[in-house]
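Peer 1: Take the given structure of chain A and dock chain B to it, following the hints.
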Amino acid sequence: MNYLEQNKEIMNRVHNYLYTALYGTSSQKQGESSTPKGKGVQLDDIFTEIAHNGEKVLYVRKDDELCRMNSCYNPSHEAGKWAEQFEFRSLNNIVVIFGFGNGIMIEKIIDRLEMDDLLFIYEPNRELFEYVMMEYDLMKVLSFERVLISIEGINDFDFHNKLQYSMNITNMKAQVQCVLPYYENLFPESYLTFWKEIRDILMHTVIGINTEVVFGTRLLENDFYNLRYLKDSYTLHNIAPYLRTDLPAIIVAAGPSVKNNLEILRKAKGRAYLIVVDRVLDYILDHGIEPDFVVTVDPMKPIKYFTTREHIDYPLMTELASNWEISERHTGKKIFFNCDSYFQTVYEAAGVQPPFMNTGPCVATVAFSACIQLGFDKIVLVGQDLAYDGEYTHVGGIAEDSANTINVMVEGVDGNQVPSRYDWKEFIIWFKDMIHLHPKITVFDTKQKGAKIPGTVLKSLNEILDLYGAAEICDFSNTLTESIKAFTGESYQKALKYMSDACDDLYAMKKKVRKAVELCDNQIQSYLKYKEGNKYTVENYNKLAKINKYIEDKKIYQIIDIYITALTADDITTMYRRSDGEHLDEVITYQKSKSIYEAILKGIDFIQPLLRERLDQIPK
Amino acid sequence: MENKEQLIHSMKATMELIEETTDLFYQQKQQVGLQNLENMIASIMVLLENVQKYQMSQHTIILEEIHFNSILVNAMDILAQKDYVLLADILTFELNGVIENSLRQLRVCADS
Numbered sequence: 000m001n002y003l004e005q006n007k008e009i010m011n012r013v014h015n016y017l018y019t020a021l022y023g024t025s026s027q028k029q030g031e032s033s034t035p036k037g038k039g040v041q042l043d044d045i046f047t048e049i050a051h052n053g054e055k056v057l058y059v060r061k062d063d064e065l066c067r068m069n070s071c072y073n074p075s076h077e078a079g080k081w082a083e084q085f086e087f088r089s090l091n092n093i094v095v096i097f098g099f100g101n102g103i104m105i106e107k108i109i110d111r112l113e114m115d116d117l118l119f120i121y122e123p124n125r126e127l128f129e130y131v132m133m134e135y136d137l138m139k140v141l142s143f144e145r146v147l148i149s150i151e152g153i154n155d156f157d158f159h160n161k162l163q164y165s166m167n168i169t170n171m172k173a174q175v176q177c178v179l180p181y182y183e184n185l186f187p188e189s190y191l192t193f194w195k196e197i198r199d200i201l202m203h204t205v206i207g208i209n210t211e212v213v214f215g216t217r218l219l220e221n222d223f224y225n226l227r228y229l230k231d232s233y234t235l236h237n238i239a240p241y242l243r244t245d246l247p248a249i250i251v252a253a254g255p256s257v258k259n260n261l262e263i264l265r266k267a268k269g270r271a272y273l274i275v276v277d278r279v280l281d282y283i284l285d286h287g288i289e290p291d292f293v294v295t296v297d298p299m300k301p302i303k304y305f306t307t308r309e310h311i312d313y314p315l316m317t318e319l320a321s322n323w324e325i326s327e328r329h330t331g332k333k334i335f336f337n338c339d340s341y342f343q344t345v346y347e348a349a350g351v352q353p354p355f356m357n358t359g360p361c362v363a364t365v366a367f368s369a370c371i372q373l374g375f376d377k378i379v380l381v382g383q384d385l386a387y388d389g390e391y392t393h394v395g396g397i398a399e400d401s402a403n404t405i406n407v408m409v410e411g412v413d414g415n416q417v418p419s420r421y422d423w424k425e426f427i428i429w430f431k432d433m434i435h436l437h438p439k440i441t442v443f444d445t446k447q448k449g450a451k452i453p454g455t456v457l458k459s460l461n462e463i464l465d466l467y468g469a470a471e472i473c474d475f476s477n478t479l480t481e482s483i484k485a486f487t488g489e490s491y492q493k494a495l496k497y498m499s500d501a502c503d504d505l506y507a508m509k510k511k512v513r514k515a516v517e518l519c520d521n522q523i524q525s526y527l528k529y530k531e532g533n534k535y536t537v538e539n540y541n542k543l544a545k546i547n548k549y550i551e552d553k554k555i556y557q558i559i560d561i562y563i564t565a566l567t568a569d570d571i572t573t574m575y576r577r578s579d580g581e582h583l584d585e586v587i588t589y590q591k592s593k594s595i596y597e598a599i600l601k602g603i604d605f606i607q608p609l610l611r612e613r614l615d616q617i618p619k
Numbered sequence: 000m001e002n003k004e005q006l007i008h009s010m011k012a013t014m015e016l017i018e019e020t021t022d023l024f025y026q027q028k029q030q031v032g033l034q035n036l037e038n039m040i041a042s043i044m045v046l047l048e049n050v051q052k053y054q055m056s057q058h059t060i061i062l063e064e065i066h067f068n069s070i071l072v073n074a075m076d077i078l079a080q081k082d083y084v085l086l087a088d089i090l091t092f093e094l095n096g097v098i099e100n101s102l103r104q105l106r107v108c109a110d111s
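Top line first, the protein sequences correspond to chains A and B.
If you read the first sequence in numbering that gives the first Met the number 0, its first letter stands for residue 0, the second for the next number, and so on.
If you read the second sequence in numbering that gives the first Met the number 0, its first letter stands for residue 0, the second for the next number, and so on.
Bound-form chain A, shown alone (with noise of 0.2 Å):
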């Protein structure tokens, strides 16, 4: 077997999603790639010489001038010193590294790793990766496990996700990032798009931990008080069979140009989906358009932002979470896209299927979100302009303060730098992004300024309607009724008792938290004490396990996360940080895991009377 059967056997077992990018089904031919070269960095000569001690060594020609890659005299060797370099100071580090070169130094960086460790390989070039599959033996790094192997131009989607899903609060301060020697300087625009992704993750990372943070117990107590319309409630798969899904979803947002389509919006009733964000309602409605859906998702949304009318009716997308007041304003029908962890486990127990949604950074890509849900092939989006029109962010000539926001440039429809701000931008990636992972849906965006959004067509809501809209006006009023709801009379009390059962479950677990909070006591003491454990430390490591485990199992555990996350992030973000000394260390993790019980009991005591209290004003 050569190099290359080798290393594609090993790909394909352990990385296919490479294997199946780079060179498709198995009835490709040995060899030959599945996917078109792309444009990239075109390199002039890629071979390989032998080093004084017998080890291969890379180069690489471009541009008429020579790349040596590796030392010429002993290839390990140099490796080993570069890998030295990079400290791994947490217990769960994420390594991301520009290059895969020939693999030596990869492999000297998985020799580091640990067992909770996470390496990200990003490749900027398909040619030299080729190439190396050919003629290197790459059976350490192929088979190694928790490595993702990104070619750009090849899966590069893969990095920019999987990056995305794995950093979270305890990981996000133990990133380290490595670059292969001479690869920025010969792909220099590749390694800018690497240190931009890595940026944009990093930030979107932080935004999700800081609206936890933010908003902590205002969605523990939108959840508890939103309890009163579980009964009536639909959920998304439940009305998705009775909607007209081959007419288009119009999503309306609250971008300045929205006014340039009230007109065709008007005719639009009838012919395809209205759905309007809650910002831009008042709006739509003052000009006589009235939505099919309205969208929610904020917890702390002004109601002001939602509607100054005494009473809506129209069908309200929204999550138990959503701000409660909202939900109050609102008279009709309540349609739950999602709901947290522990809700699941209510639908669940109540035999009924959970909603659950990739929700998105804002109310516009929830209604998205909820269109693909739904089964619509055709989303147009109004209003999404994702940039300021002069000094106005909204239509209805709002110019929101800008003075805590952060301006960037980004490509405008028309192929211009045009003004945004960040947050803006992390929407237009989101877009592209869901773009990307559904190709079968068409997105239409319709306006004549602004963002651009790739992956969108850019259209006339009058040419979409001509060419998708329904031939004769529909009425959608009728679609939700009694016997699609979400709960039958008999699933609603199971998912009652569930939750009733959860407030006696939370009397057991704060008995147990107070003793986990002993046991940390206890072994502090000894550690700062006498430096080391003491008589009693494996037995009562295994206790805290033990608690640990029972904490876990219970459901509604899931909820007590949530008010947690929001008093202990900073304990959170460097739990698994090393420090200098093994004792330290030991009494810095019961020190924290200490303050992680500690909030637990102050959660529990803030969800247990607010359960009970809202569970008896729920209807029965």
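Please keep in mind that the hints were generated in silico from the structure rather than gathered at the bench.
Derived pair list, reagent style DSS-like, types lysine-lysine, alpha-carbon separation capped at 27 Å:
| # | chain 1 | residue 1 | chain 2 | residue 2 |
| --- | --- | --- | --- | --- |
| 1 | A | K61 | B | K28 |
| 2 | B | K81 | A | K61 |
| 3 | A | K593 | A | K534 |
| 4 | B | K81 | A | K107 |
| 5 | B | K28 | A | K55 |
| 6 | A | K509 | A | K545 |
| 7 | B | K28 | A | K107 |
| 8 | A | K534 | A | K548 |
| 9 | A | K172 | B | K28 |
| 10 | A | K7 | A | K161 |
| 11 | B | K28 | A | K195 |
| 12 | B | K81 | A | K55 |
Peer 2: Only chain B this time, still in chain A's reference frame:
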């Protein structure tokens, strides 16, 4: 005896400095590496002085200066070409190699 101890100390110090400097070049930390290089060269000069003293006093050759100097000249050429990894290789496997051999020889002389 004093000369010998001084020489051994000088050799070890130089080898350490060479390793420190070459590590920096292998890690692509050229600027810091170049700063370290100055100290390393100074240490080599001191080493050569001590070698000469020892060789004169003991009437023995423990380090072939011509060979040593030619490695140094080669290293400086490579430095001028800004091939820092090759420079690190030459310093590690050739220059340090020579010093290590001399150190071994010196210890054997001491024992016999």
